[in-house]
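Residue numbers (the working numbering), protein chains in the order written: chain A, 16 to 287; chain B, 815 to 1064.
Hints may be right or wrong, so weigh each one.
[To be verified] Covered stretches of chain B (in silico footprint by chain A; criterion: 3 or more residues with CB under 8 Å from a CB of chain A, positions within the stretch not fixed): (1) 856-869; (2) 887-896; (3) 902-914.
[To be verified] Some chain A residues well away from chain B (every beta-carbon gap over 12 Å; in silico): (4) I34; (5) M115; (6) P221.
Note that these hints are calculated values from the structure, not bench results. For glycine and all other residues, C-beta sits at the position ideal for the given N, C-alpha and C.
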Amino acid sequence: MEGSIFQYDFIIKGLLGAIFASITAGLAGTYIVSRRMVFLSGGITHASFGGIGIGYFAGFNPVVGAAVFGILSALGVEYLSVRQKIREDSAIGILWAFGMAVGIIFIYLTPGYSPNLMSYLFGSILTVTNADIIALGIMSVVLIIYFSAFYRTILYISFDESFARTYSPYVNIFKYVTTALVALTIVLNIRMAGIVLVLSLLTIPPNIAMIFTKVYSRIIVWSVISGFIGTAAGYAISFFAGIPTGATIIFTLVILWVIVKGIYVLVKTIKK
Amino acid sequence: MANLLEIQSLSAAYDSNIVLRDINFRVNENDFIGVIGPNGGGKTTLLKVILGLIKPFKGSISFNNEFISANTIGYLPQISTGDINYPVTVTDVVLSGMMIKKKIISRMSSTDKKQAREVIGELGLTGLEKSPLNELSGGQLQRVFLGRAIIGDPKLLLLDEPGNFVDSTFENDFYEKLKELNGRMAILMVSHDIGIISSHVKSYACVNRSLHYHPSSEITNEQLLAYGCPIQLITHGDVPHTVLKQHNHS
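Bound conformation, chain A alone:
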C-alpha cells in the first residue's frame, strides 16, 4: 500500500515536473535560440553552480544561491554587452569557469560528504522537492503572462534591437527583465536536468520546432509540445530502466529531433 502511494506521488511529481519544465524551457528556449544567446545561457548555467556551492557551505537552500548567481551573471553580461566595452564571448567563458570554481571550492570546504552533488550536476527527479515543483509552476505562470502581454515588444527588440531603440526608451529594461527570467528558468530546471544538461532542455525543443515552422509564436507552442514529449518519455524510461533522469531526457529529445528532421527531409524529397 505504502509503495503505491509512493509511486502515485512519484508519477504526479514527474508529470507536473515535465509540464512545467517544458513550458518554462519552451518559452525561455525560443527566446535564447532565436536571439543566439545559447552560449550566454551556458555561462549563466555554470556560473550558478557557484551559488549552489555557497548555499551548501553557508547552510541555505542551494537553489536560492544558484538563482542569485544566475541572475547577477546574466545581468552582468547583458550590461557589458550594452556598454560594448568588452568581448562578450570571453566574458562569458571566464564567468562560466569562475562559477564552477567557486562552487567546487565551497563544496570542498563544506564539512561532511555532499550526497546531492551528482543530482545538481546531472539532475535527478528523486531529489526534486514539492517546493521545486511549485516554484517551476509559478515560473510557468509568470512566463506565460509576461510573453503574452509583451509578445510583440519582445519579438521586435530581439529581432532588431537598434531599430527598437528609435521608438522605445525601454529596450534595456526589457532586455534585462527577459534575461533575468531566462536565468531563473535555467536555475529552476537544474533540478530536473542538472547543470551539465539543462541547456539542452532549452535549446533542443526550439530547434525541433524550427525544422518545420519559422513563425515565432508557433515555435514557442511546438517547443513546449516537443519538450513535454521528450521530458515525459525520458522520465518514464529513466524510471523503468533505472538510469539518470536528466541524461535520459536529453537523449530522448535528441532522438526526437533526429526523427522529426528525418521525416521532414523525407516528406520534402517525396513532394519533389
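Fit chain B to the known structure of chain A by using the hints.
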C-alpha cells in the same frame, strides 16, 4: 508651414571623435530634404542624433511636440541591423513599424494587420506576407524595411541611402512612392547619389562635419565647391558614365 524640429548649435561625437560641429538645422512640414556629403562626413550621425540614438555633447534639438517626438519618427537604416535569419515574417517586420504609436503593450489589431497588407501591396510584396526574411532578395528586403518605416504614418521619415538596395525594376515606383508620401510627411533622405535625388528633393543639406542648407532643388558644382562639399557626383545617361573632376595637364 509648421516647424517639426529645430537643431541649434549642436555638436556630436563618437567617443572623442567629433563628427558634427556646431550645426543649425530645421525641418518643416512637407520638406523633402536631400542630405548629401562625403562618406564619414556625418550624414548618418545627423539622422541618429535626430532619432535620439546619439546624444549631442553640445547644443540642442527640440521637437514640435504637437506633431512628433524622437520616438515617433519613421526610419530606414542604411544597413539593416536586424538578423535576417531571425524567425519573423515580412508581415511581422512591417507591423513592427506600428510601434512608434504603441510603445510597450503591443497587440496588433485587425486594423493594423489590414494596414500592413496594404503597405505590403503598395510596395509590390504581395504574396510574400508569410515569408521569412532569409528567402527575400536584397531589394525586397529593403522594401520590407521601407514598409516598416512608413506604416506608422510618421510626420517625419528618415531614409539612409535608400538607393543602395532598390532594384532597377522598382526604382521609379520607389521615388513615386516617396513623392506621394511627401504629401503627408516630411522626408530627410541621405544619399551620395545626387543624380538620383536631384529630381525628387525640394532642398539640400550638405553635411561635412558642418552643415550647409541650400533651400532649392537646383544645385551646381560651383555651389557644392563653395560649400566645401567634396561629394562624388554620379549622373545618369543612356550610357552609364562617371564624371571625373577637371584637371590640368602641365
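Taking the hints in turn, this is what the structure says about them:
1. 856-869: holds (count 3)
2. 887-896: Our answer is that it holds, as 6 residues pass the Cβ test (under 8 Å) against chain A, meeting three.
3. 902-914: Coverage by chain A holds for the region 902-914 of chain B (8 residues, Cβ < 8 Å).
4. I34: 24 Å, holds
5. M115: 30 Å, holds
6. P221: The claim breaks: P221 (chain A) does not keep its Cβ more than 12 Å from every Cβ of chain B (closest is about 9 Å).
The structure does not agree with numbered hint 6 stated previously, though it agrees with all others.
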